[in-house]
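S.K.: So you can see what is in the structure, the chains are spelled out below.
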Amino acid sequence: MKKEDKKLTAAELPAGGLLEGGTAENFKTGPWRSQRPVWNKDKCISCLTCWIYCPDSAIKIAPDEKKTTVVTGIDYDHCKGCGICARECPPKVAAITMEEEKK
Amino acid sequence: MVKTMFSKGKIVAKTGNEIMAEAMRQIAPDVVAAYPITPATEIVQIFSQFVADGKVPTEFVAVESEHSAMSATISASVAGARAMTGTSSQGFALMWEMLYIAAGLRLPIVMAEVNRALSAPINIHGDQSDTMGARDAGWIQIYSENSQEAYDNMIQSVRIAEAAKLPAMVTTDGFIISHCMEVAEVYPDADVKEFVGEYKPERALLDYKRPFTLGAIDLQDYYFEHRYQLAQAMRDSKKIILEVADEFKKKFGREYGFYEKYEMDDAEIAIVTIGSAAGTTKAVVDNLRAKGIKAGLIKIRVYRPFPAEEIAKDLSKVKAIAVLDRADSCSATFAPVYLDVVAALYANCGDKAPKAENYIYGLGGREISLEHIEEVYMKLDAVAKGTKKASTQVEYINVRIK
Chain S
1 MKKEDKKLTA AELPAGGLLE GGTAENFKTG PWRSQRPVWN KDKCISCLTC
51 WIYCPDSAIK IAPDEKKTTV VTGIDYDHCK GCGICARECP PKVAAITMEE
101 EKK
Chain W
1 MVKTMFSKGK IVAKTGNEIM AEAMRQIAPD VVAAYPITPA TEIVQIFSQF
51 VADGKVPTEF VAVESEHSAM SATISASVAG ARAMTGTSSQ GFALMWEMLY
101 IAAGLRLPIV MAEVNRALSA PINIHGDQSD TMGARDAGWI QIYSENSQEA
151 YDNMIQSVRI AEAAKLPAMV TTDGFIISHC MEVAEVYPDA DVKEFVGEYK
201 PERALLDYKR PFTLGAIDLQ DYYFEHRYQL AQAMRDSKKI ILEVADEFKK
251 KFGREYGFYE KYEMDDAEIA IVTIGSAAGT TKAVVDNLRA KGIKAGLIKI
301 RVYRPFPAEE IAKDLSKVKA IAVLDRADSC SATFAPVYLD VVAALYANCG
351 DKAPKAENYI YGLGGREISL EHIEEVYMKL DAVAKGTKKA STQVEYINVR
401 IK
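Keeping their order, the protein sequence lines are chains S and W.
Our numbering applies: residue 1 is where the first sequence begins, and numbers increase by one.
Our numbering applies: residue 1 is where the second sequence begins, and numbers increase by one.
In short, the hints are calculated from the structure, not lab data.
Glycine is no exception: its CB is placed at the ideal position from the N, C-alpha and C atoms.
Be careful, since some hints might not be right.
Here are the simulated distance ranges between beta carbons [unchecked claim]: (1) S:Tyr76 - W:Asp136: 44 to 54 Å; (2) W:Glu64 - S:Gly73: 37 to 47 Å; (3) S:Gly73 - W:Ala79: 30 to 40 Å; (4) W:Arg400 - S:Leu13: 45 to 55 Å.
Below 35 Å or equal to it, Euclidean Cα-Cα: the simulated DSBU-like pairs (lysine-lysine) are [claimed, not checked]: (5) S:Lys6 - W:Lys239; (6) W:Lys313 - W:Lys389; (7) W:Lys389 - W:Lys282; (8) W:Lys239 - S:Lys7; (9) S:Lys80 - W:Lys209; (10) W:Lys193 - W:Lys55; (11) W:Lys200 - W:Lys55; (12) W:Lys238 - S:Lys6; (13) W:Lys282 - W:Lys313; (14) S:Lys7 - W:Lys200; (15) S:Lys7 - W:Lys209; (16) W:Lys193 - W:Lys250; (17) S:Lys60 - W:Lys209; (18) S:Lys67 - W:Lys209; (19) W:Lys250 - W:Lys14; (20) S:Lys28 - W:Lys209; (21) W:Lys317 - W:Lys379; (22) S:Lys28 - S:Lys66; (23) W:Lys317 - W:Lys294; (24) S:Lys6 - W:Lys209; (25) S:Lys6 - W:Lys200; (26) S:Lys7 - S:Lys80; (27) W:Lys261 - W:Lys355; (28) W:Lys313 - W:Lys239; (29) W:Lys249 - W:Lys261; (30) W:Lys209 - W:Lys239; (31) S:Lys66 - W:Lys209; (32) W:Lys317 - W:Lys282; (33) W:Lys209 - S:Lys41; (34) W:Lys319 - W:Lys239; (35) S:Lys67 - S:Lys28; (36) S:Lys92 - S:Lys102; (37) W:Lys238 - S:Lys7; (38) W:Lys238 - W:Lys294; (39) W:Lys200 - W:Lys239; (40) W:Lys10 - W:Lys261.
Required output: the full structure, derived from the provided sequences and hints.
M.R.: Okay, structure coming up:
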């Protein structure tokens with residue numbers, strides 16, 4: 001049983017039900033997956049199409065030594081396995097494939 | 001001869017709609033999203049002409065329905081824009097769910113609302129059932145007696161809404177005021193701009209360096225606290241409304257409060273009402289006073305938040321009052337304004353409260369005349385003297401019943 005956090009009062013809550021951004025970082029939604037994307041670094045051309053389309057911001061990117069933004073991997077803590085990245089990766093590149101999530 | 005109260009003021013002849021559009025032009029909101037409906041159409045129509053002519057830099061969004069109008073206004077407001085709209089009756093009713101959302105999200109949206117009867121049957125004329133139907137939505141409601149008040153109320157409401165973090169609606173009686181040409185004073189653009197100031201939202205979605213979520217779900221453990229906040233904000237807005245009115249008086253000269261007291265100092269009988277009928281009532285009060293009858297009037301301007309303690313105090317010395325409602329609650333008991341007044345009297349005056357009658361008048365633009373109002377006062381006079389008993393159920397003015 002999870003320990004209950006102390007509940008905020010009306011006086012303590014931000015007005016209008018405002019929630020600060022980025023709370024998704026605190027919740028691992030990866031376990032929801034039934035399929036997982038597998039990224040092939042050698043085939044990837046860092047076109048960033050998968051990054052644009054990923055609904056969970058689960059494609060990791062970073063600047064390389066030439067300051068070019070490249071894909072570095074997949075955030076499996078938040079990837080929900082929707083398969084959009086594999087679908088959108090250009091057919092001639094096919095750097096992402098989907099496989100069954102191992103138990 | 002109507003004189004200006006502000007040294008730089010100018011006397012103009014404008015209808016209620018024209019003057020509300022003029023106020024909006026001077027306020028120059030960032031976004032207006034609107035849909036037309038009689039008798040409010042002209043407000044946003046005239047305003048959109050200002051936009052087309054380059055007279056105001058507002059982004060005008062012509063949406064496909066009033067529900068979309070409020071949705072777009074809400075989104076603009078959350079993005080960080082000063083956002084306004086205008087509507088009436090069925091259009092207002094169509095955006096009903098969004099009214100609650102605007103208030104729940106604590107957005108300072110200002111709406112120009114022209115009071116018109118609700119269907120069915122279809123009626124395009126003035127009565128207050130539309131906004132009365134949304135009195136629980138958490139919006140500040142300010143009713144105008146005439147064009148001057150409509151203009152002044154629009155200007156003040158921008159400041160009130162932004163300080164209270166509550167949406168506010170300013171109304172006029174449909175056709176009676178919205179389409180009636182009146183003499184009024186307007187102020188220079190620069191002075192209105194200075195008074196409303198710049199909108200500085202604490203948080204705005206366009207401030208992408210500080211992202212946030214607004215409109216998330218609440219479960220049983222938090223909804224009540226958020227709704228308490230909203231109710232408290234409405235209670236807290238009373239002070240803000242008076243502060244803004246005070247600042248308005250200092251700059252432009254006209255005095256405003258929660259309500260106007262007309263010949264109330266020694267009044268023995270009084271009518272409480274909202275809107276244009278108050279103007280008619282003032283003429284009746286003058287006639288009665290000339291005959292030595294101590295009649296008075298309280299014209300409510302701020303209906304939400306309801307100034308309960310204040311109105312109870314001002315009515316406590318009166319012997320008999322009548323609340324004239326331009327809306328019927330279909331509750332099988334009494335009408336909206338009466339309920340608020342009597343609850344205030346009961347809470348604050350107890351068994352010393354004056355006798356209170358409720359009349360419903362003017363639905364669907366039905367006329368209310370000097371004679372009708374005088375009849376109400378004559379009944380109150382008899383009640384005050386003890387020769388007649390106060391009615392214990394709602395009465396109707398000028399409607400064919402049998």
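S.K.: Under the criterion that the straight-line Cα-Cα distance not exceed 35 Å, is the pair Lys238 of chain W, Lys6 of chain S satisfied?
M.R.: With a Cα-Cα distance of about 32 Å, the restraint between Lys238 of chain W and Lys6 of chain S holds, given a limit of 35 Å.
S.K.: Can you let me know if the beta-carbon spacing of Tyr76 of chain S and Asp136 of chain W is within 44 to 54 Å?
M.R.: holds (48 Å)
S.K.: Between Lys80 of chain S and Lys209 of chain W, is the straight-line Cα distance small enough, at 35 Å or below?
M.R.: Holds: Lys80 of chain S and Lys209 of chain W sit about 26 Å apart, inside 35 Å.
S.K.: Check the hint pairing Lys28 of chain S with Lys66 of chain S against an upper bound of 35 Å on the C-alpha distance.
M.R.: holds (33 Å)
S.K.: Given the hinted pair Lys261 of chain W and Lys355 of chain W, is their alpha-carbon gap at most 35 Å?
M.R.: holds (19 Å)
S.K.: Taking 35 Å as the top limit, are the C-alpha atoms of Lys238 of chain W and Lys294 of chain W close enough?
M.R.: holds (30 Å)
S.K.: Can the suggested window of 30 to 40 Å be confirmed for the beta-carbon pair Gly73 of chain S and Ala79 of chain W?
M.R.: holds (34 Å)
S.K.: Verify the proposed pairing of Lys67 of chain S with Lys209 of chain W, using a straight-line Cα cut of 35 Å.
M.R.: Distance of about 22 Å is within 35 Å: holds.
S.K.: Between Lys7 of chain S and Lys209 of chain W, does the CA-CA distance stay at or below 35 Å?
M.R.: holds (28 Å)
S.K.: Is Lys193 of chain W close enough to Lys55 of chain W, meaning Cα to Cα at most 35 Å?
M.R.: holds (14 Å)
S.K.: Tell me if the straight-line CA distance from Lys200 of chain W to Lys55 of chain W falls inside 35 Å.
M.R.: Given pair Lys200 of chain W, Lys55 of chain W holds - Cα atoms ~23 Å apart, limit 35 Å.
S.K.: Tell me if the straight-line CA distance from Lys60 of chain S to Lys209 of chain W falls inside 35 Å.
M.R.: Holds, at about 20 Å.
Taken one by one, the earlier hints all hold for this structure without exception.
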